[in-house]
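Number of protein chains: 2
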Amino acid sequence: MINFQTSPEQYKHWKLSFDGQVARLSMDVQEDETLAEGYKLKLNSYDLGVDIELADAIQRIRFEHPEIRAIVITSLKPRIFCAGANIYMLGTSSHAFKVNFCKFTNETRCAIEDDSRHSGRRYLAALNGTASGGGYELAIACDEIYLVDDGNSAVSLPEVPLLGVLPGTGGLTRLVDKRKIRRDRADVFSTLAEGLKGKRAKEWGLIDDAFPTSKFQEAIDARVQAIVKSNGGSSEQVGIKLSPLKIESTDNTRDYNHVSIRLHRDERYADLTVRAPEFDLPTTPDEIQKLGDAYWALRTFRELDDALLHLRVNEPEIGLVCVRTEGRIENVLAVDKTLAANRDHWLVREITLFMARVLRRLDLTAKSLFAIVEAGSCFGGNLFELLLAADRSYMLNDPDETVEIALSELNAGAFPMSNGLTRLQSRFLAEPRKAYEAFAREGRFDAGAAEESGLVTFVPDDLDWEDEIRLAIEERTSLSPDALTGMEASLRFAGPETMDTKIYGRLTAWQNWIFQRPNAVGPNGALTNYGKPTKAQFDYQRT
Amino acid sequence: MINFQTSPEQYKHWKLSFDGQVARLSMDVQEDETLAEGYKLKLNSYDLGVDIELADAIQRIRFEHPEIRAIVITSLKPRIFCAGANIYMLGTSSHAFKVNFCKFTNETRCAIEDDSRHSGRRYLAALNGTASGGGYELAIACDEIYLVDDGNSAVSLPEVPLLGVLPGTGGLTRLVDKRKIRRDRADVFSTLAEGLKGKRAKEWGLIDDAFPTSKFQEAIDARVQAIVKSNGGSSEQVGIKLSPLKIESTDNTRDYNHVSIRLHRDERYADLTVRAPEFDLPTTPDEIQKLGDAYWALRTFRELDDALLHLRVNEPEIGLVCVRTEGRIENVLAVDKTLAANRDHWLVREITLFMARVLRRLDLTAKSLFAIVEAGSCFGGNLFELLLAADRSYMLNDPDETVEIALSELNAGAFPMSNGLTRLQSRFLAEPRKAYEAFAREGRFDAGAAEESGLVTFVPDDLDWEDEIRLAIEERTSLSPDALTGMEASLRFAGPETMDTKIYGRLTAWQNWIFQRPNAVGPNGALTNYGKPTKAQFDYQRT
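Chains L and R, in that order, give the protein sequences.
Position one of the first sequence corresponds to residue 3 (the numbering used here), numbered consecutively onward.
Position one of the second sequence corresponds to residue 3 (the numbering used here), numbered consecutively onward.
Treat the hints as calculated values from the structure; they're not laboratory data.
Being a predicted model, the structure only gives us computed values, none of them experimental.
A couple of the hints might just be wrong.
The list cannot tell twin chains apart, which means a pair is met if one copy fits it or any two copies do.
[Said to hold, decoys possible] Distance condition first, Cα-Cα at most 30 Å in a straight line; then the derived DSSO-like pairs of lysine-lysine: (1) LYS243 <-> LYS14; (2) LYS534 <-> LYS243; (3) LYS17 <-> LYS204; (4) LYS243 <-> LYS44; (5) LYS42 <-> LYS292; (6) LYS201 <-> LYS436.
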């Protein structure tokens, strides 16, 4: 089982250090500290374990060190920044694992860009050696890229020429969409195994500058100081500590404080339940800061994040997640009221930005999602987003019970999807006015009102409820999981596209395809034969 | 070998008739007239041969019958409009063929939408029986959809539940992006094998209206008359005849009037040469109309279109196309001058819209494209788009020879890509001013000027030329064809996304993946087992 929880004291592959408003994140991969057997992490190549630490470090900087204004990502290995994802790891992994690995690393890259965009921290890739494949992809997730000019160090995306697959972390899309490299140059660069060095790399826009070895550190320091000077926020912000999550699990259960998973393995579905706060309902930033990671909104979404990652990677046979909520809806709405009222406070901002990232992780999870609204549910405000993220929703229509959903201020824009729209906007693409009308109608919606407003899919009455849910689950889990993954990815992101949706929707799909093809993973495929004396042999038919 | 040339006299599956300003296109698929062995086209199901006729009919309406304002697409079979792509055909086709088939049918759907958007003809899907799968996808490519309400007829996308694959003709994307069906309803609809009938289909936005059998014809006629009344253009436009293309071919050559293909099979590449006009350079619409399909711009792009389809489907081993041009560049530019000056004339408009579609077909061709600019080349104006569409370009830098490229008015917007940008805009995403500067600098560009302006990739001198081209070809054709297909698709469409780029880039990639998976095409896969007594068995791991 893969564990997504870690902390700096436990890091094996990264050193995280702080100096005033500057954080330094140095890669020093321990080649034997792998997540699985059968490969060594040479040359700062990485597996999922290395990226889990990177994701943790970025998350901790945001919550534990809000004073940080610039982050330098560099390497402690001589002459190599990072050789990218480990090829032998890829060669020995299952298809499903490869795809989930690429998705998680993409989410980590997007988290860097989210921090830069919304919290104003600036990321510098200080490439003190060659950055190839995922190493260069990590660099282009940063705001600025500097390469040492030592006559040897280069940036490269060698996947196509060496491995017969695509750069898997959004590399191609970030080349032409983020750095806007001319597409013919991107074509040349992406087919050049050895990559490009200082002068031409700069001319083509692949890096921002190159400095000779003797001046490299000095140049980076100068740039960092310039950033801190112009970008220096209040250094009075004091961070909070992210403690380890408390998780209790058995074969078929996984319980956090406010989140629970119940696995129905034979039926290939899981219940994912999120509980409303019962107490600890602070109304001021000071109280929230004092509660720290015990504050419901932060703790619950950290738990939800871990639960999603767990389901993705450790429970591949589970094809459907029934999302449920329990508790007092007014308590959930009270949280939103506090978050909205204090939205300019750094911690409140970080918490809502994090909630938005977790909800995007949910959108991007390759499992069917049904939201189940019953008596005792609390799909309000931030938890109503779970319903909106679901592929469909069922709400009990029983006049003898209180069954309600509710909107809050946060549904109006605090949690944008990867495509830049709110989930309500996405829902009402054909009738944008319906989103407005739902907001305008303050208060709770019972099943009738919810259906009339277009907020839920089905509202079975209490006589049909059990059967309808059971049949819907049975039907869903009987369908081809591959077709469902493709269908859900296509239907969840209607409307505009962004770099993020391109990366997930387009690149991931291409990579899925290529990762399956004999030219990559067959006995004569390039990925299979990497590093062996044998050479790849291709079926040259173009599709 | 599959032949893409046809004409109404040869149609086996469609009846095309005209009545004033209304065309009627009636599907009546002959089940034994298949393109390959091993299946029967029952229930108006289709194979590529049926879609080649549909594409031809739409093309002919535009050129031969410009007076037409409304097109009714319907069926001559009782109780069935169209059952979609033939499952047994899909089950027995190679992966490459399936993907190319889906791409061509998508291009035909986009051609319908292009006609509606740019030439104002209105397409009505008159569903006098059930429309399922590709049958309903054809309907949603139309502007309006009417379904007979006979208690039986339905619209459906049964691919996911029945076949374990996706609707292959843009169905999912058109559902949520074009018709803007609410995504939870789209989810339900796309998993419902039997689809939805009149009332609910209308309520959910899947059709525009439903009429009882007894009133169906009358209602369609009334709607058509209303369209013609409000949409009636000049009926004085007289069409031109599209005659069969003259094609001479041997094992390794294919020659049209202005286009030639030379196949280098052992090296897996082809030279595709387009020749400039030598005479027939009309300057008025009357002269163009008189020349009709002999006019260079129309004939050459019809030839180019056929050449691309031929290379895609009949030459799968060819991975690289070297695009070359021959002739007087001033003659090509003279054509553009005439087209630009007479852009409001119906025939000139149809010709440039057609040229734009052919160029988009080139963008969407899964082969590497190199543009080779030598002495005697004529990459100017409309032919310069071939260079811009290429993945990279090589221009000979020889002071002793005249080697030139040139822009024309048409490069400024006459030929938008699928993403809505011109190819120059796409090229200069990072520096939009460069597109403007290239235009502002009137006249021809030699190699030095072309490189400085960013218009070409490489400008080798005459000493290196032969070696550089040879090595580039060798290197390109040695790479994994799958990785190249994914890479090129990712790099060619930077910048904004449209419904079209979503369909091709995202949906095609998902479909590619799903079409390869054992859950679809393995011995126990759903596609393999369709219609057999055995039932599909899935590996339920989600990726």
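Verification of the supplied hints:
1. LYS243 <-> LYS14: within (20 Å within a copy, 73 Å between copies)
2. LYS534 <-> LYS243: neither (47 Å within a copy, 60 Å between copies)
3. LYS17 <-> LYS204: Cα proximity of LYS17 and LYS204: one copy only (28 Å, versus 60 Å across).
4. LYS243 <-> LYS44: neither (33 Å within a copy, 67 Å between copies)
5. LYS42 <-> LYS292: Answer is neither: 43 Å inside a copy and 73 Å across each miss the 30 Å cutoff.
6. LYS201 <-> LYS436: Between copies only: 22 Å across chains, 54 Å inside a chain, cut-off 30 Å.
In this structure, the earlier hints numbered 2, 4, 5 are contradicted, and the remaining ones agree with it.
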